[in-house]
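A.B. asks: What follows is each chain in one-letter form.
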Amino acid sequence: MTDLLKIDRVCKSFGGVVANDAVSLSVPEGAIIGLIGPNGSGKTTLFNSIVGYHPIDSGSIRFRGEELSALRTAEIARLGLLRTFQQTRIFGKMNCVQNMQISVPHVGDSFMTMWRRFPPEVTERAESLLKFVGLYAKRQLRAEDLSFGQQKLLEFAMALMNEPKALLLDEPTAGINPTLINGLIDRLKRAHAEFGITLFVIEHNMRVIMNLAEYIYCLAHGELLANGTPEQIQNDQRVIEAYLGGH
Amino acid sequence: MNSSTRMVLSAALFIAALFVPQVPALQPYLTQIAFLWVMILFALTWDVLGGQMGYNSFGNILYFGLGMYATAVIQRDLYFTVEEYANVAGGEQAALTTAEYLFGLGLGMGTGALLAVIVAALLGSGILGLRGHYFAICTLGLGIAAGELASGWDYIGAGSGLVTPLLPDALGERGPFFYYVFLILAVIAFLVLRRLYAGQFGLAINAIRDDEDKAEALGLHTTRYKTVAWCVSAFFLALTGGAFGNLVIFIDPTDVAFAGPTFGVWMVLMAILGGKGTLWGPVIGATVFHVTQELFWTYLFGWQRVALGLLIVVVVVFFPLGIVGWMRERWPKRFGEVVDAEARKAQISLEGES
Ligand SMILES: Nc1ncnc2c1ncn2[C@@H]1O[C@H](COP(=O)(O)OP(=O)(O)OP(=O)(O)O)[C@@H](O)[C@H]1O
Ligand SMILES: [Mg+2]
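Order-wise, the sequence lines are chains A and B.
FYI, my numbering numbers position 200 of the first sequence as 200, with every residue one higher than the one before it.
FYI, my numbering numbers position 79 of the second sequence as 1079, with every residue one higher than the one before it.
Rather than coming from a laboratory, the hints here were simulated on the basis of the structure.
Note that this is a predicted model, so its numbers are computed, not measured.
Just so it is clear, CB atoms sit at the ideal spot from N, CA and C, and this is done for glycine as well.
A hint or two may mislead.
Calculated lysine-lysine pairs in the DSS-like style (CA-CA distance at most 27 Å, straight line) [stated by the list, open to error]:
(1) A:189 - A:6
(2) A:93 - B:1345
(3) A:165 - A:131
(4) A:189 - B:1333
(5) A:6 - A:165
(6) A:131 - A:189
(7) B:1345 - B:1333
(8) A:93 - B:1333
(9) B:1333 - A:6
(10) A:165 - A:189
(11) A:93 - A:131
Calculated from the model, a selection of chain A residues having no Cβ within reach of chain B, i.e. all distances over 10 Å [said to hold, decoys possible]:
(12) 15
(13) 24
(14) 28
(15) 29
(16) 67
(17) 91
(18) 113
(19) 124
(20) 137
(21) 237
Excised from the complex, chain B in its bound form (with noise of 0.2 Å):
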């Protein structure tokens, strides 16, 4: 594929995704279809540091929920007393106005976002110095933790959880709301992470992936790279969280906001299956991953779960390099790899002038 027919053909995706509300047939689906654009968010901010950077990360969740509760919290406290909520929200909820309620959601998000890349860069200096394993084991604390907390933590609801201020009759209803949210979401974080692959912020993570000690000996700034690595994910999972936190309307401390054993092993598994470290990979793996799963939960209620572990492990055992992974070796050329037989085959000469 060169890069104009797939330009084609991403603009093509993208103008079918603005109108799928649109289709009638599709209207009960909504909800699960925006929930499509959320794992794609979750699989392509996990592949930043799993996949590109080669950091395998099990606490990315942590910023998820962190912007989702960020959100809840400032939504809540703009415009109410946390007793007063408690009131509204147990009786009919929370009635907001339009411009209320976008005001709320929009510096809540932002706040979370930003909250996000500060714990990101606070906890990135300290833990991103650990390598391999050891990072991702302690990493995987991290989300543990942070739900415990949360669990405990009565500003924010303790274990009952928080109740999102629910969407304004103007907005509509809020599975196509939150499908447009989503999408637009998914479809920045995928632009802007194609274009800081393509520079020299790619290059430096995918260097750190392939060798960080000789990344050091030439003088990167590898600390620097990594720290915001975990940053610009963070941002994107907080954005997402933010916004997930008012699609689901309840917010539970370690089944919503800090899922670690499902959406946090589902971002690892989509990015996985799609292809770690390429930037297709994790947008088809996520597709793949929700569709195969919403049709398990169909078709094979009862051994759903059982039916996507031996998925898991059948991608694993023979596609290791995941889909797009996979297709590259099948069809180098296609994805711009060069399989020139006379490269390889080249004899080098250090003979006379060059």
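So here's chain A without its partners, still in its complex pose (with noise of 0.2 Å):
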């Protein structure tokens, strides 16, 4: 499999706090590879620093061998690479529907693109995804009147709309109704399987990324601590050191 992303030695730090210390690590294209960690050790600073959202310290970041470290967020994310965010963002005054409408891909959009009307196939799209996602009774709902973990959904929803090549999910399963995890880990890898989305997960939920992920990352204390299959990663001393010792 080639290399999709490929990261090398990349650093950033904010004021004293190093978040990423010499981070290197690849996701192959068609995978599924996990990065879990400890709270701070650097995952959403990573993701972060992938997607142009602030400039890194030093290193390389390469998408489809393209650099992607002088690209800013909205370029990068219509070469295909596009991220979700742990607080959650949605646009909370627009409905699940417009929500969605605007989150169709933009990579050809010209001059002539922003006077259009959105065509029914979008429309249609936009509400089957919202099908694939269970929130297809809500889609005429504002999206701030959806609670937290709906709104987690829309944006996976909305991600999927935007047909990216890559994606980086940053905890998709925090505040997801426990009943609900099972359904959403369908959802994850279908749209790995029926979209060919190549899938990049931050997890904390350690039962959804050994059943998910192919390859992890762990990181603590903004450096790579280890990386292997699930099976290597659970039975990896330092790992499990990292997430019981608490330091």
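Now that you have both chains on their own, put them together as the hints suggest.
C.D. replies: Rendered as structure tokens:
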């Protein structure tokens, strides 16, 4: 498998806090890769660096061979590398269908497409993806009226609407009703299998990530602590200590 | 209200508006009523950024004044030299034929609008990168700076202002003529905005309002949308300004053209009063504001500004969402919002196939 995303010795500090210290990892095309680590270990910071949310101090980030560190967030998204937010971000005053419509891919947008109305195909696709995440009955509600968990599902559907090649998910199951988690894992796997989206997933829920990912990286204190298959990670003494030791 | 009743109502309003100048009882007030359309244009154009996009601009008056000066200067320079014009303007004023007048007015307004769009594009790509209060404060400087510049530039009359050519007799009274000019402008602006809000442009600027970082993260060309939004409002404001100068005949740089403390502030108030970020809100807000202001002026003379100030406080405290926002909360169904309790309560499930 070729590497879709290749991160090479990326460093990022905030004042005195070293959030990412020479992190290197790669996400092969068509894979589901996990990223775990204790709170504050630098997972979200790494996602932010990848999508150009903030400039990195040093290192290189390549997507399909193209260097990303000089590009802006929107340009990176249009290349087909999309992220969702840990805090969940949706367009609160717009209804669910509108949230989906505006999430269409913007890669071909010209000055003329700004003025267009959304063709029926777009609305149909929006509605079928809302069905896919179980939100169809709520499609006319404003996004701000949804619960946190429902907003999380909406954000996932919006990401699918954008037809990315790779999707970075920051804790997709956090705040989701436990009875829905199995269903969500199923949806993530189907997004991967049916839409062919490469997934790179931050997750605290060990059961979820062990079930989902084929390969896992573990961060601690901004550094790469371990990497391996779910079995290797589960039995890695350093990983167990990082989680249980709480330092 | 469903869309066909709304269509019928709007059409009825428009036809009634067409006949207003024919009503003898309203004749003496035609200039004030023409002013109502100007106010609606102010509120509609302000709301593009302030309401729909969430960028509070206090500098839109810049485009109004720009259009006004550009139009007047072109009207003058087409047929006169500056000295000639200064002489006739002092006396019986410049007499133009109907064709000359209309050509000058049209060319002037068109050029003013084009100029305003260019300025908005240049300014926009710079200061629309600022967020929230920084943007608002930065725009506040624009109108003030423009007023200062205009007051010091002799070519456009500097502090003593500029007089526009008189409307030729063949075109009738100024009141009815400009009543129709502003009515048509307001209707066109309304229809254009309604069309823009219904498509990708509308959702994109709403998305920028709700969460600009998220809009960027989805790959939207946010800078492009923001700049174009400002250009659209600059375009209509400049056209309004161009005709407005000809309605009032005398252009004062700070009291008429770049009148930030009055027109510039009213734009904001009217949109908030009616309901920011809605299509009809600015129209309703401008109407209520203008009528109330005229009434205050007539019946509370001396206290009219105090009354206006109190009105604003009452609106902001009791109707923070504006008139349309308040009605929408009260009768959501009539505004096409879903209050279906079923939808709200619906349990979501992710079992099996979907
Ligand atoms: N914008 C910022 N400014 C300053 N410090 C920051 C910023 N973002 C992150 N940090 C710091 O960087 C470190 C890593 O934070 P990060 O959010 O990446 O952790 P995380 O692994 O995502 O944690 P969690 O599991 O709690 O989400 C923390 O010490 C955090 O305080
Ligand atoms: Mg995080």
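A.B. asks: Please write out, lowest number first, the hints stated earlier that are contradicted by the structure.
C.D. replies: 4, 9, 17, 18 and 20
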